[in-house]
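Visitor: Single-letter residue listing:
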Amino acid sequence: MPFLQLANVRKLYPNAAAAAVENFSLDVEAGEFVSLLGPSGCGKTTTLRMIAGFETLTAGQIVMDGKAIEEMRPNQRNIGMVFQSYALFPNMTVADNIGFGLSVGGSAKAAIQQRVREMLALIKLEELGARYPYQLSGGQQQRVALARALAIRPKLLLLDEPLSALDAKIRVALRNDIRAIQRKLGITTLYVTHDQEEALSLSDRVVVMNHGLIEQVGNPFEIYNFPRTTYVAQFVGTLNLLDAVVVEPTAGSVQIQGQPAHTTSLAGCSQGEQIRLALRPELLALKSTGQADENRLAGVVETIAFLGAVVRIQVRVGEALLALDEFNNPQLAVPAVGSPVFVYFARSSCLKLL
Amino acid sequence: MAATHTPPARRRLTWLGLAPFFLFALFFIFLPSASLFVDSFRSPEGHFTLEHLGGLLQPPIPGSYALSIGVSAFTAVVGGLLGSLMAYALTAGNLPRWLRPLTLTFAGVASNFAGVPLAFAFISTLGRTGFVTALFQDLLGIDLYDAGFNLYSFLGLSVTYLYFQFPLMLLVMVPAIEGLKRSWREAAESLGATPTQYWMRVGIPILLPSLLGTVLLLFGNAFGAYATAYALTGGRLNLITIQIGAQIRGDVLRNPNLGYAMALGMVAIMAVTLLGYSWLQRLSERWLKDTR
Ligand SMILES: Nc1ncnc2c1ncn2[C@@H]1O[C@H](COP(=O)(O)OP(=O)(O)OP(=O)(O)O)[C@@H](O)[C@H]1O
Ligand SMILES: [Mg+2]
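Keeping their order, the protein sequence lines are chains A and B. 391 is the number that this note's numbering gives to position 342 of the first sequence; each next residue is one higher, with no gaps. 194 is the number that this note's numbering gives to position 30 of the second sequence; each next residue is one higher, with no gaps.
This is chain B alone, in the form it adopts within the complex (with noise of 0.2 Å):
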C-alpha cells in the first residue's frame, strides 16, 4: 500500500499541535521525575549519597510499601473478580435492557469518586456510627465493630477503595466480553464443548491479558491514592503515599530528601505494573488482530 505523503507544512502543523502536549509532559512528568531522581541521591549539603536509598530499608518504610502493596492488590484482585462477574452478568445473563446502560453510566461515575468526598461517604455509611452500620444493628442485631470490621482498617480502607475499583472493572471489562466473537463460542459449541469447557479453554484465556491488564491498572489506582487514605484513617494505616507526605510536609518528622526516595521507590513499582500492562496488552491486541 502507499504511504500517504503529507506535505512537509501539513506536518509541521501537526507537530505544532501537539506543542502543549509535550511541554505539559516536559514541566510535570519528565522535569519532576528527574528531580525525585535526583534529589533522591542528594543530602541536604548537596553532594551525592546513597543514604536516602538506604533508608528506605529501615522501619517503618518497608512495612509501608508492604501495606500499600497489600491494599492494591487486594483491592485490584477482589474489585478484578467482582467487576468481571458482574460484567459477565451484564452481557451474557438475559438481564433487562434498561439495566446495562444504567449500571455503566454509575460505574462511570463511581470510578471516578475518590478522595475526600469518598472517604466522608463511608464515615458517613459504614463508620462506627454511620448509617449502613446502625442498619446492621437495628435490623440484623449485628454490630459490624463488634465483630471485627472498623473502617479505619486495612479491610476498611479495601472496601471503600473497591468503591472506585470494580466499576473500572466493570467498565473496561463489559467492552472485552462483547468483544469475543459469537462464532468462536459457536464453533467451540459445535466441536462438542460444553459451555465451562468454552469459557475454560476459550473465553477466558483470549480475555486473560486484558483481565489482568486491567487488573494491573486498578493496582496502580490504588498505589497512587492518598487523598481517601488520608480523609478516611487521618494517618492510622502507614501507606506509603501517606508517609511520603509526612516526610515532605510533616513538621515532626520532615526529611523530603527521604520522601523523594520513598516516591522514587512507587515510581519503580509503578513502572514494573505499567510494563506489565503494556506486554499483556500487546499480547492481546496480536492475538485479536488479524483473526476475524
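Extracted from the complex, chain A is given alone in its bound form (with noise of 0.2 Å):
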C-alpha cells in the first residue's frame, strides 16, 4: 500500500473552461521524494492544495497513510507545507515562528523550546532564534519556514516553488540541504517545480504534468533518457526534434531530410508513415569516421557557441537544424562556420516520441 495515493483527481474552478487538473493519479511511496514538473498554469499548485486541503477536489480520492483525507480540514491532516512566498509570520522571532505548530497543538513550553532547537540546528540557524523575519535573507527565510513545517513532524512535506524567489547560487545549495534534510527524516515529499534541473537533481521519481494531465511519471533517468512524448522531451533538457520518414520498420530504417538512418523504435509503424524523432544534442558527435552501425548525418556548420564546459555547434542537416554539444578542451578541434560536416549518433540514440 502506497503511503499517498491519488486517484482520478479533479479539479475544476468555479466558472473555468477547462479543469485545473484532470484524472491526476499517482503512488507515492513512503520516503519518496516526488516532483511535480511542468509549466506555469499546468496544475501543479492546484494538486499540492489539493492535498493540503486548500482547494477542495471537484473529484477522486486522497488516502495518505491507509485513510481518506479529501474531507478532513488543512489543520488537522497534519501536512508540513513550505510555499514560495516564505509567509513566515512576520509579528513573531524565529524561534516562535519554528514553534508556533506546536504552541498551537498545545505542547509544553520546554518541549517547544527544545523541538525549536533541534530545527535550528537541522537548518543550521542556532544563532538566529531571537531574530524576526525581515531581519534574514530569503534564503535564511526559506530555511525557517522549512524548520517551521517540519517542527510539527508532519506525515507528509509539501513544497511549492520553494526556491524561485531566490537567486541562483543559493538556489542550489538550498536545494540540496532541503534533499539532505528530507533523506535524514525520511520524509515523505512533494515538491512542485518548473524548472527540469531542479525535478531531475533532487527527486527520486519526477510527474511531468501538461494541461493538468500527467504527461508522464517517472525516475530522473527515464524522464531524461526516455521521454514518452514530444511534450516531456522538449520540456525536460534541450532536445533536437527531427521529422523522418519511415522506410522499413522491421530493419528500424528511416529516411530523414533525404539521408538514410537507423532507429531502435520503430515498432508498430508502417512503410511511409511520418514520424518523429528526438536526439539529444550530447549524444551527436562530430567525426570523419564512425563505427559502421552508426547513423551518419551530412551538413553544414552554422553556429558555434561557447557555453563553458560545453561548446553548442549548430549543423544545418537539409531543412533541418541539428544542435550537437561537445565537451570544451583545449585541443578540441573546432570546425569552422561554413564547413561541411558528419554528424554521427547511435541507432539506439534515436528516439522515437508519441
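Hints in this document: simulated from the structure, not taken from any laboratory. Source: prediction; values computed, not measured. Careful: at least some of the hints might be erroneous.
Stated by the list, open to error - With the C-beta cut set under 8 Å, the calculated list includes, among others, these residues of chain B facing chain A:
no.	residue
1	K345
2	S347
3	W348
4	E353
5	L355
6	G356
7	A357
8	Q361
9	V366
10	R450
11	L452
Claimed, not checked - Each computed DMTMM-like pair below joins lysine to aspartate or glutamate, with the alpha-carbon atoms no more than 20 Å apart:
no.	chain 1	residue 1	chain 2	residue 2
12	A	K204	A	E78
13	A	K204	B	E350
14	B	K345	A	E104
15	A	K401	A	E297
16	A	K401	A	E322
17	A	K218	A	E246
18	A	K401	A	D292
19	A	K401	A	E331
20	A	K401	A	E343
21	A	K336	A	D374
22	B	K345	A	D145
23	B	K345	A	E210
No residue lacks a Cβ here, since even glycine has one placed at the ideal position from N, Cα and C.
Got two chains here, separate frames each, mind docking them using the hints?
Guide: See below:
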C-alpha cells in the first residue's frame, strides 16, 4: 500500500472553462521524494493545494497513510507546507515561528523549546532564533519556513516552488540542503517546480504535467533519456526534433532530410509513415569516420557557441537544424562556420516520440 | 544599486515645485505654532509669565481637557471596534459583491461629514423632536429621552462623532485586512491552528499596529473637532475647544492668552498622539517590509 495515493483527482474551478487538474492518479511510497514538473498554469499548485486541503476536489480520492483525507480540514491533516513566498509570520521571532505549530497544538513550553533548538540546528541557523523575519535574507527565511513545517513532525511535506524567489547560487545550495534534510528525516515529500534541472537533480521520481494532465511519471533517468512524448522531451533538457519517414519498419530504417538512418524504436510503425525523432545534443558527435552501425548525417556548420564546459555547435542538415554539444577542452578541434561535416550518433540514441 | 543622479538644474526645479507647500507650512503651521507658544508665556503687558500655564490648572479647564479626552478616546475606541468589525465582515464574510464598493463609498463620504451639517442632521433625527426619536416612540413605545438618552450630552455627542469615526476606521482597515497574506493563514492552518488561533496569534497581531495607529488618528480627529460640538450643544458641554473659543472671542470670559495656553496644551496632547501613531506605523512597516 503506497503511503500517499491520489486516484482520478480532478479540479474544476468555478467558472473555469477547463479543469485545472484532470484524471490525476499517483502513488507515492513512504519516504519518497517526488517532483511535480511542468510549465506555468499546468496545475502543479492546484494539485498540492488539494493535498494540503486548501482546495476541494471536484472528483477523485486522496488517501494518506491508509485514511481518506479529502474531507478533512487542513489543520487536521498533519501535512507540512512550504510556500514560494516563505509566509513566515512577521510578528514572531524565528523561534516562535518554528514553535508555532507545537504551540497551537498545546505542547509544553519545554518541549517546544527543545524542538525549536533541534530544528534550528537542522537548518544550521542556531544563532538566529531571536531574530524577526525582516532581519533575515530570503534564503534564511525559507530555511526557517522549512523548519517550521517540519517542527510538527508532519506525515507529508509539500513544497511549492520554494526556491524560485531566490537567486541562482542560493537556490542550488538550498535545494541540496532540502534534499539532505529530507533524506535524514525520511519524510515523504512532494516538490513542485517548473525548473527541470531542479526536478531531475532532487527527485526519486518526477511527474511531468501538461494542461492538468500527467504526461509521464518516471525516475529522472527515465524522464531524461526516455521521454515518451514530444512535450516531455522538449520540456526536459534541450532536444533536437527531426521529422523522418519510415522506410522499412522491421529493419528500423528511416529517411531524415533525404538521408538514410536507423532507429531502434519503430515498433508499430508502417512504411511511409511520418514520424518524429528526438536526439539529445550530447549524444551527437562530429567525426570524420565512425562505426559501421552508427548513423551519419551530412551537414554544414551554421553557428558555434561556447557555453563554458560545453561547446554547442549547430549543424544544418537539409531543412533541419541540429544542435550538438562537445565537451570543451583546449585540444578540441572546432570546425569553421560554413564547413561541411558529418554528424554521427548511435541508432539507440534516436528516439521515436508519441 | 547605483544612485540615480539627478542633474542640479532638475533638482532646483523640484525644490521650486515644493515651494508653495513650504510657504503654506511656514505661514499656516510654523508661524502660528510659534506665536501660540510665545503668546502662552506673555502677559497682556508683554512680559514673560507662567501665569497662563498655571491657569490651565484652574477649574474648569482640567475638566474640559478630561471631557475632550474622554469623548475622543471613547469615540476612537468604539469607532475603532465598530469599523474593524465592519471591515472584517466586508472582507472575510460572504457578503454580496456589490455591497463592498457601496459601503466604501458611503464610508468615504461619511468620514468627511462633520461640522454644522452633521450636527443638524443629528438634531433632526435624534433630537428631542427628531425623526428617529419619534420612530422609537411610535414603533417601540420607548421614549429615548425618558430612558436617559440626551443628544446634547456626552453620549449624544459621542454618537454624533461616531458617525464620522467608524467610517474612517473602515476605510483604513479594509485595505489593511486585505493586506494579510493568504499564505499566512494557510501556513497557520497547515500547522494545525484553528481560525481563532490564527486570528489571535497572527492576524490581529499583524494588524495591531495599524489598528492602534488608526485609533490614535480617530482620537486626534475627535479631539480637534469644534464646529460639530458647538453646533450640537451650543456650549453646554465644556470641551476644551469650546473653552478656547470662549476665551479668544468670548465677550464675558475673554482672556486670549489663557486661550493660547490651552491651545498649547492641545498641541502637546496631539504631538504625543502623533508620535505614538508614527511609532506604530514604523513598527508595522518594518514587519511587513521584505517579508513576502
Ligand atoms: N483560485 C482559482 N480560481 C480559478 N482558476 C484558478 C485558480 N487557481 C488556479 N487557477 C487556474 O488553474 C490552472 C492551474 O493553476 P495552478 O496554479 O495550479 O498552476 P501551476 O502549475 O502551479 O502554475 P505556476 O507554475 O504558474 O505556479 C491555471 O489555468 C489557473 O489559471
Ligand atoms: Mg504554482
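Visitor: Against each hint, give a clear statement of whether it holds in the structure.
Guide: We went through each hint and held it up to the structure:
Checking B:K345 against chain A by beta carbon gives a least distance of about 7 Å; that is within 8 Å, so the hint holds. A cut of 8 Å between beta carbons decides the hint on B:S347: the least distance to chain A is about 4 Å, and the hint holds. A distance limit of 8 Å between C-beta atoms decides the matter here; for B:W348 the minimum to chain A is near 6 Å, and the interface restraint holds. At a threshold of 8 Å, the smallest CB-CB gap from B:E353 to chain A is about 4 Å, leaving the interface hint in force.
Taken as an interface hint, B:L355 checks out: its beta carbon lies about 3 Å from the nearest beta carbon of chain A, inside 8 Å. The interface hint given for B:G356 is met, as the beta carbon of that residue sits about 5 Å from the closest beta carbon of chain A, less than 8 Å. With 8 Å as the threshold, the beta carbon of B:A357 comes within range of chain A, its nearest partner Cβ sitting at about 4 Å, so the hint holds. At its closest, the beta carbon of B:Q361 sits 5 Å from a beta carbon of chain A; the interface hint therefore holds under the 8 Å criterion.
Look at B:V366: its Cβ gets to within about 5 Å of chain A, closer than 8 Å, so that hint holds up. With its C-beta approaching chain A no nearer than about 6 Å, B:R450 sits inside the 8 Å limit, and its interface hint holds. Annotation: B:L452 was flagged as interfacial toward chain A, and the flag holds, the nearest CB pair being 6 Å apart, inside 8 Å. With a CA separation close to 12 Å, the supplied pair A:K204 and A:E78 stays within the 20 Å bound.
This hinted pair checks out: A:K204 and B:E350 have alpha carbons roughly 17 Å apart, not beyond 20 Å. The straight-line distance between the Cα atoms of B:K345 and A:E104 is roughly 17 Å, inside the 20 Å bound, and the hint therefore holds. For the hint pairing A:K401 with A:E297, the CA-to-CA distance comes to about 14 Å; that is within 20 Å, so the pair holds. Proximity of A:K401 to A:E322 is assessed by CA-CA distance (about 12 Å); at most 20 Å being required, the pair is judged to hold.
Taken as a hint, the A:K218 and A:E246 pair is honoured in the structure, with Cα atoms around 14 Å apart against an allowance of 20 Å. For the hint linking A:K401 to A:D292, the alpha-carbon distance of about 10 Å falls within 20 Å, and the restraint holds. For the hint pairing A:K401 with A:E331, the CA-to-CA distance comes to about 17 Å; that is within 20 Å, so the pair holds. The straight-line distance between the Cα atoms of A:K401 and A:E343 is roughly 17 Å, inside the 20 Å bound, and the hint therefore holds.
The suggested pairing of A:K336 with A:D374 holds, with an alpha-carbon distance near 13 Å, which does not exceed 20 Å. Between B:K345 and A:D145 the CA atoms are separated by roughly 19 Å; this keeps the pair inside 20 Å, and the hint holds. Straight-line distance between C-alpha atoms of B:K345 and A:E210 comes to about 17 Å, which keeps the hinted pair within the 20 Å bound.
Hint violations for this structure: none, all hints satisfied.
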